[in-house]
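**Q** Using the sequences and the hints given, assemble the complete structure.
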Amino acid sequence: MSNVASDRRSAIKEIVCDILELEEDEVTETSLFIEEHGADSLRAIEILAALEKEFGITIDQSELAQMINLEAVYKVVAEAPAR
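Residue numbers (this note's numbering): 24 to 106.
If you're looking for bench data, these hints aren't it; they were derived computationally from the structure. Built from N, CA and C at the ideal position, the CB exists for glycine as well. Any given hint could be a false lead.
As the list claims (entries may be wrong) - Result set (DSSO-like, lysine-lysine): computed pairs, CA atoms no more than 27 Å apart in a straight line: (1) Lys76 to Lys98; (2) Lys36 to Lys76; (3) Lys98 to Lys36.
Unchecked claim - Pairwise CB distance ranges (calculated): (4) Glu59 to Glu37: 13 to 23 Å; (5) Ser85 to Asp48: 23 to 33 Å; (6) Asp48 to Arg106: 29 to 39 Å; (7) Ala72 to Ala101: 14 to 24 Å; (8) Ala105 to Glu58: 17 to 27 Å; (9) Ser54 to Arg31: 17 to 27 Å; (10) Glu58 to Arg106: 23 to 33 Å.
**A** Spelled out as structure tokens, the structure:
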């Protein structure tokens, strides 16, 4: 488990679900955004931008390939440098 606080995980999940137009109970920490939820690269970029704005962090676009599910997003956010 990444060391992202519970309230931050909730905010991340809310952002992801909003962009993917899904209910929060439809997305688990390990469900795959593309394969299981129909996400595409544009949605991935939207998620990245929303996370950067919400948390004041910088996420390199090379991290997009790692952001395949919530657990991976938590890890990327935890490791992202503050702006």
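**Q** Would you mind marking each hint as holding or not holding in the structure?
**A** Now the hints, each set against the structure:
{"no.": "1", "hint": "Lys76 to Lys98", "in the structure": "17 Å, holds"}
{"no.": "2", "hint": "Lys36 to Lys76", "in the structure": "15 Å, holds"}
{"no.": "3", "hint": "Lys98 to Lys36", "in the structure": "13 Å, holds"}
{"no.": "4", "hint": "Glu59 to Glu37: 13 to 23 Å", "in the structure": "18 Å, holds"}
{"no.": "5", "hint": "Ser85 to Asp48: 23 to 33 Å", "in the structure": "31 Å, holds"}
{"no.": "6", "hint": "Asp48 to Arg106: 29 to 39 Å", "in the structure": "32 Å, holds"}
{"no.": "7", "hint": "Ala72 to Ala101: 14 to 24 Å", "in the structure": "18 Å, holds"}
{"no.": "8", "hint": "Ala105 to Glu58: 17 to 27 Å", "in the structure": "32 Å, violated"}
{"no.": "9", "hint": "Ser54 to Arg31: 17 to 27 Å", "in the structure": "19 Å, holds"}
{"no.": "10", "hint": "Glu58 to Arg106: 23 to 33 Å", "in the structure": "32 Å, holds"}
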